[in-house]
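Enquirer: When you get a sec, could you build the whole thing from the sequences and use the hints?
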Amino acid sequence: MTNRREFIVQLSLGTGALAATQAMAAGSMVAENDAQATGLGYKADATKTDVKKFPKYAAGQACKNCQLFQGKPTDAAGGCPLFAGKQVAGAGWCSAYAKKA
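So that you can map any letter, position 85 of the sequence shown is 84 in numbering that gives the first Met the number 0, and since no number is skipped, the others follow by simple counting.
Hints are computed from structural coordinates only; laboratory data are not their basis. Do not take every clue at face value.
[Unchecked claim] Cross-link-like lysine-lysine pairs, in silico, DSBU-like; alpha carbons within 30 Å at most:
1) Lys71 x Lys52
2) Lys99 x Lys47
3) Lys99 x Lys71
4) Lys51 x Lys98
5) Lys71 x Lys55
6) Lys85 x Lys52
[To be verified] Restraint-style ranges between C-beta atoms, simulated for each label pair:
7) Val50 x Met28: 22 to 30 Å
8) Lys99 x Glu5: 44 to 52 Å
9) Ala90 x Arg3: 45 to 53 Å
10) Ala100 x Thr46: 22 to 30 Å
11) Ala58 x Arg4: 53 to 61 Å
12) Lys99 x Arg3: 48 to 56 Å
Yeah, the Cβ is synthetic: ideal placement off N, Cα and C, and Gly gets one too.
Expert: So, in structure tokens, the structure goes:
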């Protein structure tokens, strides 16, 4: 039988482990200067896309409404299979953009 102190310690450890697991699952944000991101013209703010270099970009296009975005359209960030283990900004854009059906 555990006493109250042991229970509180175990509860604290369990909560800390759960928070750490969730943070790892979320992944870090992809950096714009990451080699893959640079190659795809990724910008965390789609409005800062170089339209001369990427004429395919059109206003209103953003990661949050791309088929590859693995989050909800209301999420600030979400996963993308192009950047394994990292998240992209919902307001971001890259040249692999494909409008969500």
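Enquirer: State for each hint whether it applies.
Expert: Do the hints match the structure? See the list:
{"no.": "1", "hint": "Lys71 x Lys52", "in the structure": "29 Å, holds"}
{"no.": "2", "hint": "Lys99 x Lys47", "in the structure": "21 Å, holds"}
{"no.": "3", "hint": "Lys99 x Lys71", "in the structure": "12 Å, holds"}
{"no.": "4", "hint": "Lys51 x Lys98", "in the structure": "21 Å, holds"}
{"no.": "5", "hint": "Lys71 x Lys55", "in the structure": "24 Å, holds"}
{"no.": "6", "hint": "Lys85 x Lys52", "in the structure": "25 Å, holds"}
{"no.": "7", "hint": "Val50 x Met28: 22 to 30 Å", "in the structure": "23 Å, holds"}
{"no.": "8", "hint": "Lys99 x Glu5: 44 to 52 Å", "in the structure": "50 Å, holds"}
{"no.": "9", "hint": "Ala90 x Arg3: 45 to 53 Å", "in the structure": "47 Å, holds"}
{"no.": "10", "hint": "Ala100 x Thr46: 22 to 30 Å", "in the structure": "24 Å, holds"}
{"no.": "11", "hint": "Ala58 x Arg4: 53 to 61 Å", "in the structure": "59 Å, holds"}
{"no.": "12", "hint": "Lys99 x Arg3: 48 to 56 Å", "in the structure": "51 Å, holds"}
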